[in-house]
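**Student:** Here's the letter readout for the chains.
Protein chains: 4
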Amino acid sequence: MNTYIIGNRKNNKKIIDLGDDIKIGSKEFSIISGPCAVESEEQIELAAYTLSNMGVKILRGGAFKPRTSPYTFQGLGLEGLKLLKKAGKRHNMKIVSEIMDPRDIDCSYDYVDIFQIGSRNMQNYALLKEVGKFDKPVLLKRGMASTIEEWLKAAEYIASEGNDNIILCERGIRTFEKYTRNTLDLIAVPILKELTKLPIIVDPSHGTGRKELIRHATRAAVAIGADGVMIEVHPNPCEALSDGDQSLNFEEIKSVLSDIRAIKDCINSFNSY
Amino acid sequence: MNTYIIGNRKNNKKIIDLGDDIKIGSKEFSIISGPCAVESEEQIELAAYTLSNMGVKILRGGAFKPRTSPYTFQGLGLEGLKLLKKAGKRHNMKIVSEIMDPRDIDCSYDYVDIFQIGSRNMQNYALLKEVGKFDKPVLLKRGMASTIEEWLKAAEYIASEGNDNIILCERGIRTFEKYTRNTLDLIAVPILKELTKLPIIVDPSHGTGRKELIRHATRAAVAIGADGVMIEVHPNPCEALSDGDQSLNFEEIKSVLSDIRAIKDCINSFNSY
Amino acid sequence: MNTYIIGNRKNNKKIIDLGDDIKIGSKEFSIISGPCAVESEEQIELAAYTLSNMGVKILRGGAFKPRTSPYTFQGLGLEGLKLLKKAGKRHNMKIVSEIMDPRDIDCSYDYVDIFQIGSRNMQNYALLKEVGKFDKPVLLKRGMASTIEEWLKAAEYIASEGNDNIILCERGIRTFEKYTRNTLDLIAVPILKELTKLPIIVDPSHGTGRKELIRHATRAAVAIGADGVMIEVHPNPCEALSDGDQSLNFEEIKSVLSDIRAIKDCINSFNSY
Amino acid sequence: MNTYIIGNRKNNKKIIDLGDDIKIGSKEFSIISGPCAVESEEQIELAAYTLSNMGVKILRGGAFKPRTSPYTFQGLGLEGLKLLKKAGKRHNMKIVSEIMDPRDIDCSYDYVDIFQIGSRNMQNYALLKEVGKFDKPVLLKRGMASTIEEWLKAAEYIASEGNDNIILCERGIRTFEKYTRNTLDLIAVPILKELTKLPIIVDPSHGTGRKELIRHATRAAVAIGADGVMIEVHPNPCEALSDGDQSLNFEEIKSVLSDIRAIKDCINSFNSY
Numbered sequence: 000m001n002t003y004i005i006g007n008r009k010n011n012k013k014i015i016d017l018g019d020d021i022k023i024g025s026k027e028f029s030i031i032s033g034p035c036a037v038e039s040e041e042q043i044e045l046a047a048y049t050l051s052n053m054g055v056k057i058l059r060g061g062a063f064k065p066r067t068s069p070y071t072f073q074g075l076g077l078e079g080l081k082l083l084k085k086a087g088k089r090h091n092m093k094i095v096s097e098i099m100d101p102r103d104i105d106c107s108y109d110y111v112d113i114f115q116i117g118s119r120n121m122q123n124y125a126l127l128k129e130v131g132k133f134d135k136p137v138l139l140k141r142g143m144a145s146t147i148e149e150w151l152k153a154a155e156y157i158a159s160e161g162n163d164n165i166i167l168c169e170r171g172i173r174t175f176e177k178y179t180r181n182t183l184d185l186i187a188v189p190i191l192k193e194l195t196k197l198p199i200i201v202d203p204s205h206g207t208g209r210k211e212l213i214r215h216a217t218r219a220a221v222a223i224g225a226d227g228v229m230i231e232v233h234p235n236p237c238e239a240l241s242d243g244d245q246s247l248n249f250e251e252i253k254s255v256l257s258d259i260r261a262i263k264d265c266i267n268s269f270n271s272y
Numbered sequence: 000m001n002t003y004i005i006g007n008r009k010n011n012k013k014i015i016d017l018g019d020d021i022k023i024g025s026k027e028f029s030i031i032s033g034p035c036a037v038e039s040e041e042q043i044e045l046a047a048y049t050l051s052n053m054g055v056k057i058l059r060g061g062a063f064k065p066r067t068s069p070y071t072f073q074g075l076g077l078e079g080l081k082l083l084k085k086a087g088k089r090h091n092m093k094i095v096s097e098i099m100d101p102r103d104i105d106c107s108y109d110y111v112d113i114f115q116i117g118s119r120n121m122q123n124y125a126l127l128k129e130v131g132k133f134d135k136p137v138l139l140k141r142g143m144a145s146t147i148e149e150w151l152k153a154a155e156y157i158a159s160e161g162n163d164n165i166i167l168c169e170r171g172i173r174t175f176e177k178y179t180r181n182t183l184d185l186i187a188v189p190i191l192k193e194l195t196k197l198p199i200i201v202d203p204s205h206g207t208g209r210k211e212l213i214r215h216a217t218r219a220a221v222a223i224g225a226d227g228v229m230i231e232v233h234p235n236p237c238e239a240l241s242d243g244d245q246s247l248n249f250e251e252i253k254s255v256l257s258d259i260r261a262i263k264d265c266i267n268s269f270n271s272y
Numbered sequence: 000m001n002t003y004i005i006g007n008r009k010n011n012k013k014i015i016d017l018g019d020d021i022k023i024g025s026k027e028f029s030i031i032s033g034p035c036a037v038e039s040e041e042q043i044e045l046a047a048y049t050l051s052n053m054g055v056k057i058l059r060g061g062a063f064k065p066r067t068s069p070y071t072f073q074g075l076g077l078e079g080l081k082l083l084k085k086a087g088k089r090h091n092m093k094i095v096s097e098i099m100d101p102r103d104i105d106c107s108y109d110y111v112d113i114f115q116i117g118s119r120n121m122q123n124y125a126l127l128k129e130v131g132k133f134d135k136p137v138l139l140k141r142g143m144a145s146t147i148e149e150w151l152k153a154a155e156y157i158a159s160e161g162n163d164n165i166i167l168c169e170r171g172i173r174t175f176e177k178y179t180r181n182t183l184d185l186i187a188v189p190i191l192k193e194l195t196k197l198p199i200i201v202d203p204s205h206g207t208g209r210k211e212l213i214r215h216a217t218r219a220a221v222a223i224g225a226d227g228v229m230i231e232v233h234p235n236p237c238e239a240l241s242d243g244d245q246s247l248n249f250e251e252i253k254s255v256l257s258d259i260r261a262i263k264d265c266i267n268s269f270n271s272y
Numbered sequence: 000m001n002t003y004i005i006g007n008r009k010n011n012k013k014i015i016d017l018g019d020d021i022k023i024g025s026k027e028f029s030i031i032s033g034p035c036a037v038e039s040e041e042q043i044e045l046a047a048y049t050l051s052n053m054g055v056k057i058l059r060g061g062a063f064k065p066r067t068s069p070y071t072f073q074g075l076g077l078e079g080l081k082l083l084k085k086a087g088k089r090h091n092m093k094i095v096s097e098i099m100d101p102r103d104i105d106c107s108y109d110y111v112d113i114f115q116i117g118s119r120n121m122q123n124y125a126l127l128k129e130v131g132k133f134d135k136p137v138l139l140k141r142g143m144a145s146t147i148e149e150w151l152k153a154a155e156y157i158a159s160e161g162n163d164n165i166i167l168c169e170r171g172i173r174t175f176e177k178y179t180r181n182t183l184d185l186i187a188v189p190i191l192k193e194l195t196k197l198p199i200i201v202d203p204s205h206g207t208g209r210k211e212l213i214r215h216a217t218r219a220a221v222a223i224g225a226d227g228v229m230i231e232v233h234p235n236p237c238e239a240l241s242d243g244d245q246s247l248n249f250e251e252i253k254s255v256l257s258d259i260r261a262i263k264d265c266i267n268s269f270n271s272y
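Protein chains in written order, with numbering that gives the first Met the number 0: chain F, 0 to 272; chain V, 0 to 272; chain C, 0 to 272; chain G, 0 to 272.
Since the hints were made in silico from the structure, they are not lab data. We put the CB at the ideal spot given by N, CA and C, even for glycine. You may find that some hints are simply not true.
Dumping the calculated DSBU-like pairs for lysine-lysine here, alpha-carbon to alpha-carbon at most 30 angstroms [unchecked claim]:
#	chain 1	residue 1	chain 2	residue 2
1	G	K132	C	K253
2	V	K26	F	K253
3	V	K26	V	K177
4	V	K253	V	K26
5	C	K253	G	K192
One-sided and incomplete, this derived list gives chain G residues near chain C with beta-carbon spacing under 8 angstroms [to be verified]:
#	residue
6	Y48
7	A144
8	T146
9	I172
10	Y178
11	T179
12	L183
13	P189
14	A216
15	R218
16	V221
17	G224
18	D258
19	A261
20	I262
Across the chosen pairs, the derived CB separations fall in these ranges [what the hints assert, rightly or not]:
#	chain 1	residue 1	chain 2	residue 2	range
21	V	K26	C	E160	45 to 53 angstroms
22	F	D19	G	D16	53 to 61 angstroms
23	V	K88	F	S254	43 to 51 angstroms
Full structure from sequences and hints, please.
**Tutor:** What follows is the structure, encoded as structure tokens:
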């Protein structure tokens, strides 16, 4: 498959070390959570405060938002990243946020612990190569209709520039089914574990597009062996500027986190995994 | 959605009672297992003996086989059903087998406890109406590229003739991904639980088409709330006349059954399901 | 591909001779037209009268209707076939109508010149084998999400029983695009001409699901080398009991027929086709 | 649909004027042709010489190549653009070439008459916005699995920055069918003509991925009303560094151009288009 770097299993799994004993791809199941978009200092501070109290160590929030229409909310940009970093620092959380333009990497560098590359940019090779030149971990989402092979080769683009600190994120693929926003391809998780050394997480928020399904999708993600999940949370989903339909409130995420722990304990008890 | 009968949740979930205290849709997780096709008396007897010893109570086996090419093994027909019934009787197992022709229902009636309707026939309305006139449970597989709405309306065709003893079976949908035979749409399980009173099971064998993925898909199916699974097993998968690539051997199914119990116990411990 | 009979190109293209000098797969472009469903004697008589006056020689009309929901109009059944035959006889038109149940073939035999097998039944092997035992031409529609290989093997099922008088009909495949009912796969036409001796026609009505697109799809179908088209027409589309959105009125079909002639003449002038 | 600029039909169709009386979206059918990638001065000069002698006025050639794997030929970069421009100048041809990085637009500006944005970058909003700030026409390919709505909104991103000189290019969508590289969605052409003022061309080379199908796809594209086609040609397809399977040789393109003229004349004779 020509994925020499990320496909290399000789040294076993790749563990992404974010510092402060926060690792993705290790025995611990990783939780990334936060709002779809950073909307205000109050919103992101409240999210960070609440989530960190629940044990979440990685905060997500969109500053540069890739929206289908040019006329919808495009995010707060660099200002949003600064708010994210501030909230993260106060609550000892690491920050993951999407960048869309190779020219934004430099100025974003100090505010982000993991660069996210979104579905629309999975084959934006200029962007992939650019993040490959930095030393910061990259979270690479699967393209909306990308095959597993294309996805891995996109990861190899990053690695071929020198940076193999890559986390793969399954977020649903496009099918004919209209009930859900996407079809979450959970079986991609064990397949990827065979084909690459990289950790793989699941995004049940985009993968389903419906908040009532997130709990179920998350349980399945843990059971099928994912290394983590990324879940959208908003203090008040009804008022979210984007993706409110798929955002959990604080009470809901708390309950999901409890499920995760129970299933993860169960999975860990299996010998032959 | 015009699914008045199967959509009616007033009386809660439908439980399919097969007798001898074997129920699908109850608290107990249902396991259906057996070979893709009945090949010989020895093969099906060995499968029934071994599986029943592991606690499996429902035996599957194809007698009328829907094959893509007319020149591949088409199954043993009625003779196959008789062998199935004989093995099932000896080991106290219920029998599920696919029928493809409305004219075969009458003669199959005495040998089968659940009529299976396969993916290719999900919208074969002549067949749906015919099984709707009988009093025997029907296992309705999802069509290869059917929406959830079409699937439920197909079930309603059966119910509208008088028989609402229907089990839905998710078996993967067709997408652009080439690594797996189909893309298992696990999120269909919680969706269907909202939309219908019928039990829903998952077929990880057809849903993935690769035996090494079945264990993982099964774990996720239990975690996401399925009422059961149907898994292909063959005494010697390498020599199977059909679907050898996706058949487990006895040792493998034993291990999968152990996983199922552990995750099911874990799920049962959740309050809010 | 194991399509020994229909794939055999030794004797060149198969021409389906319907008698009265009406042939499908010959140099002449075939037009099949009529209402989605036979609704009344007046309706089908008016359609036959008008269409035959425009030069259309093959009349379509559904008597056994495969509807997604059991609670929508299911067709007039055998009575519909009799009305079709009566209208066809009066206006010297051949009749094509869908059968869905192997038990209906015998009783339909006298009223139909071409048995149609619909998309939902493309892999209904009991039905395919049954029509394969008769001497009447079969129009086999492509399944909603069938590959070309599966479609050809379905045709081979018919041929393997002795009847290779088969017409293939491309009617659109299922994709993620929501604007049209299906995505018409026109490139299947030249592919099939390489892989099989059978004639291939296009159904722009189901292939698009929108009447304003039918004219354009038909032009392309002629240009790409199809042997014919099947187009739904209704005396009053707004009052059609089924598929009104994709039915042309008489004025519209007349204009489409004129386009067909012009493009067909153009195509015929090419040497190297 | 929120496509205020490109959806505005008040002033009728948008005509892209490239100078020297070369216009896209006018009555004349536009032909864009050339190799997948610029490989050498000799190759592009021979292509330009031969194609211009056949009447082709717009030369394509990839300099920055988006390849699935980082280890395959990535194009000659800026050097390739200079070779393209040189060949174009000598033979009075306009140049279209893909850019992938917003930072490359400035340096490419003098060598390119139309900026192409490829399928992988259809929702690369940083790139869309950047080309929107220039005054040069943009050829926007449809994403591999993009809906028509998403495609139009991507075009609106460009237009919203001030540049509505946009040409849409249908190049096939991703489906389950494995015989062709993509499924060419020809019906998108008349749909887009309803929804936007922009010209729409078809790429039968990527749309099919098989050279033997290009002739047929092109005929259909003309018949269905496209404003032009973009076809890959190579002096020696067997030795092409990329996409050799879908490249025509000079003799083949000559024959295709002859077909185009014949069908276009035929279409022009229709009154009611």
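**Student:** If a hint holds in the structure, say so; if it does not, say that too.
**Tutor:** Going through the hints against the structure:
{"no.": "1", "hint": "G/K132 to C/K253", "in the structure": "violated (48 angstroms)"}
{"no.": "2", "hint": "V/K26 to F/K253", "in the structure": "holds (26 angstroms)"}
{"no.": "3", "hint": "V/K26 to V/K177", "in the structure": "violated (36 angstroms)"}
{"no.": "4", "hint": "V/K253 to V/K26", "in the structure": "holds (21 angstroms)"}
{"no.": "5", "hint": "C/K253 to G/K192", "in the structure": "holds (23 angstroms)"}
{"no.": "6", "hint": "Y48", "in the structure": "violated (25 angstroms)"}
{"no.": "7", "hint": "A144", "in the structure": "holds (6 angstroms)"}
{"no.": "8", "hint": "T146", "in the structure": "holds (6 angstroms)"}
{"no.": "9", "hint": "I172", "in the structure": "holds (6 angstroms)"}
{"no.": "10", "hint": "Y178", "in the structure": "holds (5 angstroms)"}
{"no.": "11", "hint": "T179", "in the structure": "holds (6 angstroms)"}
{"no.": "12", "hint": "L183", "in the structure": "holds (5 angstroms)"}
{"no.": "13", "hint": "P189", "in the structure": "holds (4 angstroms)"}
{"no.": "14", "hint": "A216", "in the structure": "holds (6 angstroms)"}
{"no.": "15", "hint": "R218", "in the structure": "holds (4 angstroms)"}
{"no.": "16", "hint": "V221", "in the structure": "holds (7 angstroms)"}
{"no.": "17", "hint": "G224", "in the structure": "holds (6 angstroms)"}
{"no.": "18", "hint": "D258", "in the structure": "holds (6 angstroms)"}
{"no.": "19", "hint": "A261", "in the structure": "holds (5 angstroms)"}
{"no.": "20", "hint": "I262", "in the structure": "holds (6 angstroms)"}
{"no.": "21", "hint": "V/K26 to C/E160: 45 to 53 angstroms", "in the structure": "holds (48 angstroms)"}
{"no.": "22", "hint": "F/D19 to G/D16: 53 to 61 angstroms", "in the structure": "holds (59 angstroms)"}
{"no.": "23", "hint": "V/K88 to F/S254: 43 to 51 angstroms", "in the structure": "holds (47 angstroms)"}
Against the hints set out earlier in the document, violations occur for numbers 1, 3 and 6.
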